[in-house]
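J.: Per this note's numbering, residue 2 is the first one in the sequence shown, and the count goes up by one each step.
Watch out, some of these pointers could steer you wrong.
As the list claims (entries may be wrong) - In silico DSS-like links for lysine-lysine, alpha-carbon gap of 25 Å or less: (1) Lys159 / Lys34; (2) Lys56 / Lys242; (3) Lys56 / Lys34; (4) Lys88 / Lys50.
Rather than coming from a laboratory, the hints here were simulated on the basis of the structure.
Note that this is a predicted model, so its numbers are computed, not measured.
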Amino acid sequence: MQHNPTIRCYFIAHADDWQLFMAPEVSNDMMDKSCKVVIVHTTAGDAGKEEQYWKAREQAAIDSMIFCMSADESYAYKEAYVQINDKQLFTVTANNCTCYFLRLPDGAYDGSGFTAYGQQSLERFASGDIQRLESVDGTAAYNNWQELAQTLDAIIRKEADGLSLEDVLLCFPEEDVVMNPRDHNDHYNTAKLVRSTAAYQPCRKRAYVDYDILYTGGILNEEELFWKIGMFTTYHQSLYKLYGHSTIAEDTSFIPWCFKRSVYRSL
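Let the sequences and hints guide you as you build the complete structure.
T.: As structure tokens, this is what we get:
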């Protein structure tokens, strides 16, 4: 009999990645009350813009999560800064799902970073091109890649709450550029970061294709389609209302992505 982990940790770079590239699994997990869901957003997804923008993206992700809670009549909601590996991290919990926001600088598609945040990026930090990586809100700083990986490792172990790590499923972007071509640099480096954790080996693992599901993703059934489109529409509308930014105007791929089933492999 195949073991079914009860804790699902989704690691993504940006606030709209899990809705677009990890459905229907992520929405199914959030609606399964026997499952604890953890969504770790590594970057602020700031695109070099001001606090109002990246905070609006965070709220949009939170609203997407709450949309999935609407399968029930009510939900419990809590915001908190938690101390993890001596870092202050912002979290939001609704029912069985907790979102972590590390608020690291958006590295841009090519990993070069943005001027507004000193050209910092996961790529430049991982390569040793920069020696320090600081969150965009200044609440956390990392002096080496391993310190950042240890922070993710501490999140995994905290959420496991004493359970065996075999009860934890790690979900993250696919690093293989043949299987997951043309992806955002932050996506690849988020996967690299998860792979750098001590918890990586004992946990169950799934690697997800991102942008390329436009060509490789299968068809969702009616119920799955409802929840995926709903999650992304909630995200899009929330960001538009809070900041006036239209996500679907960024790229023509966003709408067709909503109709595609996730593609992943178990590792």
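J.: Evaluate each hint against the coordinates.
T.: Taking the hints in turn, this is what the structure says about them:
Under the criterion of a C-alpha separation no larger than 25 Å, the hint pairing Lys159 with Lys34 is consistent with the structure, at around 19 Å. The straight-line distance between the Cα atoms of Lys56 and Lys242 is roughly 13 Å, inside the 25 Å bound, and the hint therefore holds. Distance check on the hinted pair: Lys56 and Lys34 sit about 28 Å apart at the alpha-carbon level, beyond 25 Å; violated. Using a Cα cut-off of 25 Å, the hinted pair Lys88 and Lys50 holds, with the two alpha carbons roughly 23 Å apart.
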